[in-house]
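One-letter residues, chain by chain:
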Amino acid sequence: MTKLTGDNIFKCIVAVIAAFAAIILIVNAYVLITGSVRVFSVSGFGFISGRSWNPGASTFGVLPAILGTLITSGIALLVGVPLSLGIAIFIVEMAPRAVRVPFSYLIEMLAAVPSVIYGLWGMFVLRFWVLDYIETPLNTYLGWFPLFSGTPTGYGFLTAGLILAIMIIPTIASVSREVISAVPNSIKEAAYGIGATKGEVIHHWVLSYGRSGIFGAIILGLGRAIGETMAVTMVIGNAAGAKGMPVSLFQPGQTLPSLIAGGFFDSQTPLQSSAYIGAGLVLLVISLLINIAAHVMVTRVLKVKGGAIE
Amino acid sequence: MKTTHILAIALIAIIGTVVTYACLSTAPNTISINAFGATFPQPFLTATIIEYSTIKPNIQINYQGGGSGRGVSGLTNKVIDFACSDAPLTKTQRAAAPDVLHIPETIGAITIAYNIPGIDSGLKLTGPVIADIFFGTIKTWNDPAIVALNPDLTLPARDIVVITRSDGSGTTNWFTKYLSLVSNNWKTHIGANTTVEWKVGISQSGNSAVASTITTTDYAIGYIELSYALENKVPVVAIKNPAGNFISPTLESTTAAAQSLPSPLPLGSDSWEDIAILNTNGDQAYPIVTPTYMLVYKDLSVIPGMTMEKATAIVQYIWYVVHDGQQLASARQYAALPSNLVEINERTLSTITFNGEAVPTH
Chain Y
0 MTKLTGDNIF KCIVAVIAAF AAIILIVNAY VLITGSVRVF SVSGFGFISG RSWNPGASTF
60 GVLPAILGTL ITSGIALLVG VPLSLGIAIF IVEMAPRAVR VPFSYLIEML AAVPSVIYGL
120 WGMFVLRFWV LDYIETPLNT YLGWFPLFSG TPTGYGFLTA GLILAIMIIP TIASVSREVI
180 SAVPNSIKEA AYGIGATKGE VIHHWVLSYG RSGIFGAIIL GLGRAIGETM AVTMVIGNAA
240 GAKGMPVSLF QPGQTLPSLI AGGFFDSQTP LQSSAYIGAG LVLLVISLLI NIAAHVMVTR
300 VLKVKGGAIE
Chain E
0 MKTTHILAIA LIAIIGTVVT YACLSTAPNT ISINAFGATF PQPFLTATII EYSTIKPNIQ
60 INYQGGGSGR GVSGLTNKVI DFACSDAPLT KTQRAAAPDV LHIPETIGAI TIAYNIPGID
120 SGLKLTGPVI ADIFFGTIKT WNDPAIVALN PDLTLPARDI VVITRSDGSG TTNWFTKYLS
180 LVSNNWKTHI GANTTVEWKV GISQSGNSAV ASTITTTDYA IGYIELSYAL ENKVPVVAIK
240 NPAGNFISPT LESTTAAAQS LPSPLPLGSD SWEDIAILNT NGDQAYPIVT PTYMLVYKDL
300 SVIPGMTMEK ATAIVQYIWY VVHDGQQLAS ARQYAALPSN LVEINERTLS TITFNGEAVP
360 TH
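From first to last, the protein sequence lines stand for chains Y and E. In terms of numbering that gives the first Met the number 0, the first sequence is residues 0 to 309. In terms of numbering that gives the first Met the number 0, the second sequence is residues 0 to 361.
Errors might be hidden in some of the hints.
Unchecked claim - Taking beta-carbon pairs under 8 Å as the criterion, some of the chain Y residues facing chain E (in silico): (1) Asn53; (2) Gly55; (3) Thr150; (4) Ser266.
To be verified - Sample of chain E residues with no beta-carbon within 12 Å of chain Y, all distances over it, derived: (5) Ile8; (6) Ile13; (7) Asp119; (8) Thr125; (9) Val195; (10) Val233; (11) Ser270; (12) Val301; (13) Asp323.
Source of the hints: derived by calculation from the structure; they are not laboratory data. The structure displayed is predicted, hence computed values, not measured ones. Every residue gets a Cβ at the ideal spot worked out from N, C-alpha and C, and that includes glycine.
The task is simple: from the sequences and hints, build the whole structure.
In C-alpha cells form, the structure reads like this:
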C-alpha cells in the first residue's frame with residue numbers, strides 16, 4: 000500500500016476530477032441514446048436518410064439538417080482557416096512589438112463575444128452585405144449554376160457559413176499563434192542562414208513545424224462551428240424538411256443544432272421529443288467521428304511526412 | 000497568479016452573487032405567476048399585465064412568448080401556471096393534459112403582410128391566390144393571378160419571398176386552417192396544424208421575428224397578427240371575403256367577424272376544437288379571425304408549488320383580463336369579447352379549485 004502523502008492525495012483528487020470529463024461524455028451519450036430509442040424504433044434508418052420533417056404527420060428525417068451542418072461548417076473552415084492563419088502569422092512573425100500585444104488581446108476578445116451578438120449582427124448587418132455584394136451579383140450572372148440559383152434573400156447557408164467563419168477565427172488564430180510562437184528561433188535562424196526569404200521560412204519551416212498543432216486548432220474551430228446554435232438559427236432561415244435539402248448556397252436551410260433549438264420546446268408528442276434528442280445523438284456522433292478522424296490524421300498522416308516534428 | 004489574487008477574485012465573485020440575490024429576492028408578500036405560449040395575443044396581454052400591476056402591485060406576472068406549441072407543452076409538463084394558445088387543445092393534447100380549461104381572452108386577426116418596394120398599400124388578394132403563393136405555385140409578384148386582382152398597381156417581376164413560422168404556432172394553425180378552407184390543393188398536400196411542412200420560404204420563430212423579417216426583406220410576404228403589422232408599419236393585404244368584398248384587417252372588420260361566433264358555445268371544460276370564425280358571411284367581416292385562449296388547470300393544485308394564495312391571484316388576474324382588461328383590447332386592434340363569451344368565462348372561472356376548494360374569482 001502506498002503511503003498517504005500529500006502528493007498521493009493530490010494525485011487522487013486530480014484523477015477524480017479528470018474522470019468527470021469521461022463521465023460527462025458517457026452520461027450525455029446515455030441520455031441521448033435512451034431518449035432517441037423511440038424515434039429510431041419508429042423510423043429506423045429512415046430517421047437519418049429521411050428528408051421530411053413534419054411533426055403533424057409524425058415523420059421525422061434529419062438528412063437535410065445533417066447536410067446543412069456539414070455545409071455551413073465547411074464554408075466556415077474554407078473562409079475562416081486562411082484568415083486565422085494569416086492573423087496568427089502576422090502577429091508572431093511580422094507585427095511590430097507595439098502592435099502585437101494589443102492585437103492578440105483583440106483577437107482573444109472576439110472569442111468572448113456571445114454568439115447571440117454575432118447572430119444579431121449577422122441578421123442586421125452581415126446578411127445585407129452578403130445579399131448585396133455576393134448573392135445578388137452571383138445570382139444575376141451565374142444563376143444558371145445550381146450553387147448560385149434560387150432567390151437571394153441573405154438568409155441561408157452562405158450567410159450562416161460566413162458568420163461561423165468569423166466566430167471560429169479567434170479560436171483558430173489564438174491557438175495557431177501559440178503553436179507558431181513555439182517554433183524555436185534556432186530553426187528559423189538556421190533557415191535564414193541558408194538564404195531563405197521570410198515567405199519561405201514561414202511556408203517551409205514555421206507552418207511545417209507547427210503543422211499538427213495548427214491542425215488541432217482547426218479541429219477546435221470546426222467543433223465550435225458544428226455545434227454553434229444561436230447565431231446560425233438567426234441567419235439560416237430555418238427551412239425545415241425537404242425544402243432545406245441543400246441545392247443552392249443562397250437557399251434557407253437548417254443545421255442539427257438549429258433544428259433542435261428551434262423546435263424542442265414545442266414538442267407535442269413523445270415521438271417528437273425523441274426525434275429532437277435523436278438529432279442531438281446524430282450531432283454528437285458527427286462531432287466524435289470528426290474528432291477521431293482528426294486524431295488519426297494527426298498521428299498517422301502528419302507525423303510520417305518528413306520535416307514535421309511534434 | 001498569486002494566491003492572494005485568486006482569493007481576491009473568489010471573494011469578489013461571492014460578494015457579487017450574494018448582493019445580486021439580495022437585490023433580486025422580492026418582498027415576501029409578492030406572488031409571482033409564470034406563463035408562456037402564444038405570441039399572437041402578447042401585445043394585448045402585456046398591456047393587461049402592466050395595467051394589472053398598478054391595481055395589484057404585489058402580483059408579478061411574467062408572460063413570455065415562445066409560441067402556442069411551447070405554451071401547451073409547458074402546461075402539459077406543469078412547468079408554468081397557465082398557458083396561452085391560439086389553437087384550442089386537440090383530442091390528444093386534452094388526453095395528455097386532462098382537466099385543462101379553455102378561457103378565450105380576446106379575438107384577433109391574422110394579416111398577410113408584405114414588403115414590395117414602391118407599393119405602400121392597396122394590394123388585394125383572394126384566399127386561393129394566397130394559398131398558391133404560400134404553396135409556391137405562384138412564384139413572382141407579376142404573376143397574372145396577382146396582376147388580375149390589382150390592375151392599378153405596377154407589380155415588379157421579382158420572386159416572392161415567403162416568410163413563415165418555424166415554431167409550433169397557433170397563428171400558423173389558423174392561417175393553414177383558412178388556407179385549407181379556400182384551397183383543396185392546400186388541404187390535401189399540406190393541411191392545417193401548428194407546424195406544417197412548408198414547401199417554400201424562410202421560417203422564423205414568433206410573430207415579432209416574422210414581422211421584422213418581412214420588414215427587412217424586399218419582396219417578402221408573411222402572416223402575422225394585426226397588432227404586429229401596425230407596430231412594424233408594414234402594409235397588409237385586403238382579402239376577398241365570401242360576400243365578395245375585399246376587406247382590410249381592422250378592429251371593425253375583426254369585430255364584424257366575431258359576430259359570427261357559433262351558438263351555443265362550448266363550456267370551458269369542453270373541446271373548443273370546432274370553434275372557428277374563418278371566412279364568415281358578414282359583408283364587412285375579415286376572413287382570417289380567431290379567438291385566442293388562456294389555458295388553465297381546473298384544479299390548480301396539480302402544479303408544483305401552487306398555494307391557495309397564488310391560485311387566487313391567477314384566477315383573479317384572468318377574471319380581470321376577461322372583464323376590465325377588455326378595454327385595453329381595442330387600442331391594440333383586438334376585438335373585445337362579446338358578452339356571451341364573457342358569461343361563459345365567468346362560469347368557467349368559478350369552477351376552478353385548489354385541492355377541491357373553490358377559488359374566489361374576484
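Consistency of the hints with the structure:
Checking Asn53 (chain Y) against chain E: minimum C-beta separation of about 4 Å stays under 8 Å; hint holds. At a threshold of 8 Å, the smallest CB-CB gap from Gly55 (chain Y) to chain E is about 4 Å, leaving the interface hint in force. At about 4 Å, the closest approach between the beta carbon of Thr150 (chain Y) and any beta carbon in chain E falls short of 8 Å, and the interface hint on this residue holds. Look at Ser266 (chain Y): its Cβ gets to within about 6 Å of chain E, closer than 8 Å, so that hint holds up.
Its beta-carbon lying about 17 Å from the closest one in chain Y, Ile8 (chain E) satisfies the requirement of being farther than 12 Å from that chain. Every CB of chain Y is more than 12 Å from the CB of Ile13 (chain E) (nearest about 21 Å), matching its label as outside the interface. No Cβ of chain Y approaches the Cβ of Asp119 (chain E) within 12 Å, the least distance being about 21 Å, so the stated non-interface status holds. Every Cβ of chain Y is farther than 12 Å from the Cβ of Thr125 (chain E); the closest lies at roughly 24 Å, confirming the non-interface assignment.
Listed as outside the interface, Val195 (chain E) is inconsistent with that label: its C-beta sits roughly 6 Å from the nearest C-beta of chain Y, within the 12 Å cut-off. Non-interface status of Val233 (chain E) relative to chain Y is upheld: no Cβ of that chain comes within 12 Å, the nearest being about 16 Å off. The claim that Ser270 (chain E) lies off the interface holds: its Cβ sits roughly 16 Å from the closest Cβ of chain Y, which is beyond the 12 Å cut-off. Listed as outside the interface, Val301 (chain E) is consistent with that label: its C-beta sits roughly 19 Å from the nearest C-beta of chain Y, beyond the 12 Å cut-off.
For Asp323 (chain E), the condition that its CB be more than 12 Å from all CB atoms of chain Y holds, with the nearest at approximately 32 Å.
Violated hint: 9 only; the structure is consistent with all others.
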